[in-house]
Each structure stands twice: as structure tokens, then as C-alpha cells.
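Engineer: This is what each chain is made of:
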Amino acid sequence: MEDLIAKLKVEIIEALNLEKLEADGVDTEASLFNEGLGLDSIDALELIVLMEKEYGIKIEDPKKGKEIFYSIRSMADFITKNQ
Amino acid sequence: MTLFKISRFTIIRKGKLITDTGIFEFPSMDDDAKFFKNIYKELEIDYPKFYKMDRLCKLAFLTAEYLFKDKCVPEKYGHEEVTMVFSNSNSSLHTDIKHNSLICDKDSYYPKPAVFVYTLPSIMLGELSIRHTLRGENIFFVSEKFDAGLMCDYTADLLNTTRYKACIIGWVDYIEEGFESALFFIEKAGHGVTDDLLTKENLDRKFNTFA
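Residue numbers (my numbering), protein chains in the order written: chain E, 1 to 83; chain Z, 84 to 294.
Calculated from the structure, these hints are not laboratory results. Accuracy of the hints is not assured; some may be wrong.
As the list claims (entries may be wrong) - If the Cβ cut is set under 7 Å, some of the chain E residues that face chain Z in the computed set are:
#1 Ile13
#2 Asn17
#3 Leu45
#4 Lys53
#5 Asp77
As the list claims (entries may be wrong) - Label-pair ranges, simulated between beta-carbon atoms:
#6 E/Pro62 x Z/Lys117: 33 to 43 Å
#7 E/Ser41 x Z/Phe224: 26 to 36 Å
#8 Z/Thr216 x E/Glu54: 31 to 41 Å
#9 E/Gly38 x Z/Lys99: 30 to 40 Å
#10 E/Pro62 x Z/Thr104: 45 to 55 Å
#11 E/Lys63 x Z/Glu259: 25 to 35 Å
#12 E/Lys7 x Z/Lys271: 51 to 61 Å
#13 Z/Thr216 x E/Pro62: 25 to 35 Å
Unchecked claim - With a Cα cut of at most 30 Å, we get these calculated BS3-like pairs of lysine-lysine:
#14 E/Lys20 x Z/Lys124
#15 E/Lys20 x Z/Lys117
#16 Z/Lys228 x Z/Lys152
#17 Z/Lys248 x E/Lys20
#18 Z/Lys152 x E/Lys53
#19 E/Lys20 x Z/Lys195
It should be emphasised that the depicted structure is a prediction, and the values quoted were computed from it without experimental measurement. For every residue, glycine included, the Cβ atom is placed at its ideal position computed from N, Cα and C.
Hey, can you work out the whole structure from these sequences and the hints?
Structural biologist: Next comes the structure, spelled out in C-alpha cells:
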């Protein structure tokens, strides 16, 4: 799980052009949207594309998006359960 | 009919920054992305969204930062009193090509929303509106070259017939082969002002500085 979390951090920084961030500086438990990284709606779409492209997982129910993409940890949990 | 003046302008062209107060030469770089990043760092501002913009928007953003450096637009005008009239020759072609490269392979079809969102040249107007809290309307023309006559007439008509009190006229163009941007801040000319009036000839002359 920790390897997946580290990989996710690198992928997210690259996919979302989070220029000033280093993977070590990203809090695994922090909210990705609102506080925390302060991501926006376009970033949310990028995360959905990342999930499908890198992990082969399609988000079928958009209502679950908020829960899946709450934090790096929740994304890693979801990937682990659905791969 | 009210007369208007070109109060200030900023041009980024061939490695130079040209303003109404002087000329500054940027260190040359082969990579446009690094060039823009360098200018951003030179400005010493903290605006993380800059890194998400495409090159066309970055160019518009940087030019506007110099246009308004130390001069905050809303101090003189209300957020709804400033309008923007922009144009370019290549639309959002650089980003369009990038987007196309991501979707042309049916077996690896992964469009990037962060790229797609910039496949319209008018998005730069949105970025500037957010940055400078401008809530006026705006328009974007695509033309073969900078049409000073159109920009001048359209702007004068806007400022004479609507609630707008100031306008940013802009030309921001980016392709791999070259880029340039020119922004002009237009407002009412005071009594007795004869220099820098908004005319086709004055706008053309300023636009072609170091062309």
C-alpha cells in the first residue's frame, strides 16, 4: 500500500502540474480538494482519467467520486479494492 | 464623442519586454516553457495556477502582470467597468495540436481535461479576469495580423456607448515558431491631451515597436 501511495503522489503531481510540490511534501491523509492541495474541478476530471489510464479503473458511479478522491489514502484504498 | 488615450502598454516580443517606460531584455532560452517560467520567477509573484496554464495563457498572463505592475486596475475603476478586446492569428493552435495528439490513437484514447480546457483562445480572457478581478464583458477576434483599425473602432464604440470606462486591447499569439504579445490600456483622455490618443495610427505605431 505504501508503494502505491508513493506512486500516486508522483503521478498526481505530474498530471496536475503541481510544480512546486515534492512527493514527500504531500500529506497522504489531507483533503485533496477545498483545503489541502486545493484542487479544482478540472483536476477532478484529471484524477478520473488517471484512475482509468494508469489503473484500468472506471468510475461508474459519479456520486462516489467525492469519497474516492477525498485524499491520497482514499484513492489508494479504492485502487487496492478494485484492481 | 469622447476621446480616449493609450495610457500604458506592454509588449513581449523577440526576447524583449517593451513598455511605455522602457525596454528590458530577457535572457534568451531555447525552450519557451523555461522562458515563461523565468519571467514568472522574475516577477516574484505567487500564483500556482500559472503552472496549469497553456503557453498562450501564460504569455497573456505575464504580459498583463507587467501592464499592471504596481498599478491595480480596480483602484481606479470598478470591477465591472473594464472590458477586454483581444485578437490573434493562430487561435489556440499550439494547444489544439497537443489535444489532438492525445486523442488521435483509438487504442490509447486519453484526452487530458487540463489540456482540452485551453483549446479556445478566449480562455486567456478568463484567466486575466480571474487574476485581475475583471467582471466586464470581453471579445476575441482571430485575424491574419493585428488590425489596429478594428481594435481602435470597436473599443471606442464600446467606451462611448456602454457602461465601460476602460478597455484592455490585446494581441497575444503563440505557436512553436514564434510568439508575441501586446497589451494596451485604454481610458478616457483628459482635457488637452494630444499625445497617445487612441487612433489607428498611434495603436499601429506602438504595436510595431521593435517588430
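Engineer: With reference to the structure, classify each hint as holding or not holding.
Structural biologist: Hint check results:
1. Ile13: violated, 11 Å
2. Asn17: Constraint on E/Asn17 satisfied, holds at 5 Å.
3. Leu45: With a minimum Cβ separation of about 4 Å from chain Z (threshold 7 Å), the hint on E/Leu45 holds.
4. Lys53: holds, 5 Å
5. Asp77: Because about 24 Å separates E/Asp77 from the closest Cβ in chain Z, which is outside the 7 Å limit, the hint is violated.
6. E/Pro62 x Z/Lys117: 33 to 43 Å: holds, 38 Å
7. E/Ser41 x Z/Phe224: 26 to 36 Å: holds, 29 Å
8. Z/Thr216 x E/Glu54: 31 to 41 Å: Distance hint for Z/Thr216, E/Glu54 holds at roughly 38 Å.
9. E/Gly38 x Z/Lys99: 30 to 40 Å: holds, 35 Å
10. E/Pro62 x Z/Thr104: 45 to 55 Å: Cβ of E/Pro62 to Cβ of Z/Thr104: about 52 Å, so the range 45 to 55 Å holds.
11. E/Lys63 x Z/Glu259: 25 to 35 Å: Since the Cβ atoms of E/Lys63 and Z/Glu259 sit about 42 Å apart, the hinted range of 25 to 35 Å is violated.
12. E/Lys7 x Z/Lys271: 51 to 61 Å: Once the Cβ atoms are compared, 58 Å apart, the range 51 to 61 Å for Z/Lys271 and E/Lys7 holds.
13. Z/Thr216 x E/Pro62: 25 to 35 Å: holds, 32 Å
14. E/Lys20 x Z/Lys124: holds, 12 Å
15. E/Lys20 x Z/Lys117: holds, 15 Å
16. Z/Lys228 x Z/Lys152: holds, 27 Å
17. Z/Lys248 x E/Lys20: violated, 38 Å
18. Z/Lys152 x E/Lys53: violated, 42 Å
19. E/Lys20 x Z/Lys195: holds, 21 Å
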